[in-house]
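So you can see what is in the structure, the chains are spelled out below.
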Amino acid sequence: MSFAAKSHVWDGTATIRLTGELAAKSAGQFNRVIADVSAQDPHRLVLLLDELTYLSSAGLRSLVYAHQRLGRGVEIVLVGAQPEVAETIRLTGFDRSVVMQEPTGA
Amino acid sequence: MSFAAKSHVWDGTATIRLTGELAAKSAGQFNRVIADVSAQDPHRLVLLLDELTYLSSAGLRSLVYAHQRLGRGVEIVLVGAQPEVAETIRLTGFDRSVVMQEPTGA
Amino acid sequence: MTTAKSTVDDIGARVAEVVRSLAARAALTRAQAYRLRLAADEIATNIVLHGYGGEGEVGLCGGVAEDHVWLRTEDSAPPFDPRDHDPSPVLTADPATRAPGGLGVHLALAAVDELRYEQVAGLNHTTLVVYRDA
Amino acid sequence: MTTAKSTVDDIGARVAEVVRSLAARAALTRAQAYRLRLAADEIATNIVLHGYGGEGEVGLCGGVAEDHVWLRTEDSAPPFDPRDHDPSPVLTADPATRAPGGLGVHLALAAVDELRYEQVAGLNHTTLVVYRDA
Ligand SMILES: Nc1ncnc2c1ncn2[C@@H]1O[C@H](COP(=O)(O)OP(=O)(O)O)[C@@H](O)[C@H]1O
Ligand SMILES: Nc1ncnc2c1ncn2[C@@H]1O[C@H](COP(=O)(O)OP(=O)(O)O)[C@@H](O)[C@H]1O
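Protein chains in written order, with my numbering: chain A, 20 to 125; chain B, 20 to 125; chain C, -15 to 118; chain D, -15 to 118.
Don't take each hint at face value.
Unchecked claim - Covered stretches of chain A, as calculated for chain C (at least 3 residues, CB under 8 Å):
| id | segment |
| --- | --- |
| 1 | 77 to 88 |
| 2 | 95 to 107 |
| 3 | 110 to 116 |
Hints were generated in silico from the structure; no laboratory data involved.
The C-beta atom is built at its ideal place from N, Cα and C for all residues, glycine as well.
With these hints in hand, go ahead and build the complete structure from the sequences.
So this is what it looks like as structure tokens:
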């Protein structure tokens, strides 16, 4: 059940690499990283998901939080989600409000 | 669930050291060792139990088998049983038909 | 004596452990195991959070049948049948502005092949089933 | 697809795994965990051997309550209530000449603090309880 979120902000783009399992236990940690990067007013948020092995609804709640914290004009890009994670995002309609990219398209 | 039974017979005494867990899965293996040593007609069977960490009724069935295979005149000595194993032997009345020894008394 | 009640912070790991063991025995595909874990995590986390209000006892059961794997939660919180929950208001809302939450039961129902709910001796029994034929 | 029915050779390891996890959560003493494992091993091995005649499905459930730990087997073999089994003929016989066997149910009943048996929806539910106060 390990989870890590490493972020950096450069030229208006905030990038967060998620590693491990984003679920009820780890959502608070992710929310704190989102709050940190949003304080730097990025105009784009890129989440690198290729090492995210598990995502539950508690993690999706963090995505909603990111949306609302960053504001409407900020694009959220999800890169390289593993198949099960991508399926979960689609099942809950988040693919309509974010841009989903294959890793090579990043 | 590992189990090992190492035996030797010397001067009419068969000694078997039991290691690990003697349960349904391992009882057959122990029975084969008993059959081997009984073929050498020992007059005494010593079971070294200090490394036996688990004993279920399937293992006690092997003790009955040993009794019957070796015959009435053969003494069975159990040495150094761990507390839970010793309790199981007592609960099933085997302490009446074998000699139970502390390791230092062996 | 520790209380050992499950919390939102540990129930997920317990569920994952049970699913791992069932998946190994039943030779589930990675996708099947993932779906069972996700559904069980959502259901069990809800029991702790909404049913008990933060912490409480959740019994976990599991087995492998000829054509399916099943996992059941048992709890003594107030009755709640996940099949009665309608997620459509949340799903049709704009994700950027909708209220957070309200997705767990929807995901659980979508992830498994069957979800059964019964009350047995005053307890909630919620059973999740994943078919073994992929 | 593997059948994954439990056999006498693997049921013991499954039981041990469930007990290990319960014992860790409930901080059982070594002796308490041993007693729960022994009883569950005897009951579950009997279900496979006597109930199913060699192999069959056994569901395993467990939980930690305020003052006890419980483990339940669920099986669809013919009804068998271990509490009805009288071990005294075997126990009073001379161990050197008695028939082998007939000790498992006795050990199971002696090892735990409670053993409950119910039929639920045509299944045997056998529940073992060990109190947490040593
Ligand atoms: N075990 C439960 N007991 C009581 N209410 C529940 C239970 N599980 C879910 N609910 C109710 O159903 C709603 C939807 O649950 P869910 O889809 O998981 O979303 P969320 O947990 O994010 O609110 C919860 O907000 C809660 O009101
Ligand atoms: N689940 C079961 N279904 C049917 N019969 C059983 C079951 N468990 C035990 N029995 C019966 O009870 C007897 C005693 O069981 P036990 O004390 O474990 O000894 P053993 O298995 O060595 O015979 C068995 O021989 C069997 O006839």
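Numbers of the earlier hints that this structure fails to satisfy, in rising order
Nothing - there is no hint that the structure violates, so all of them hold.
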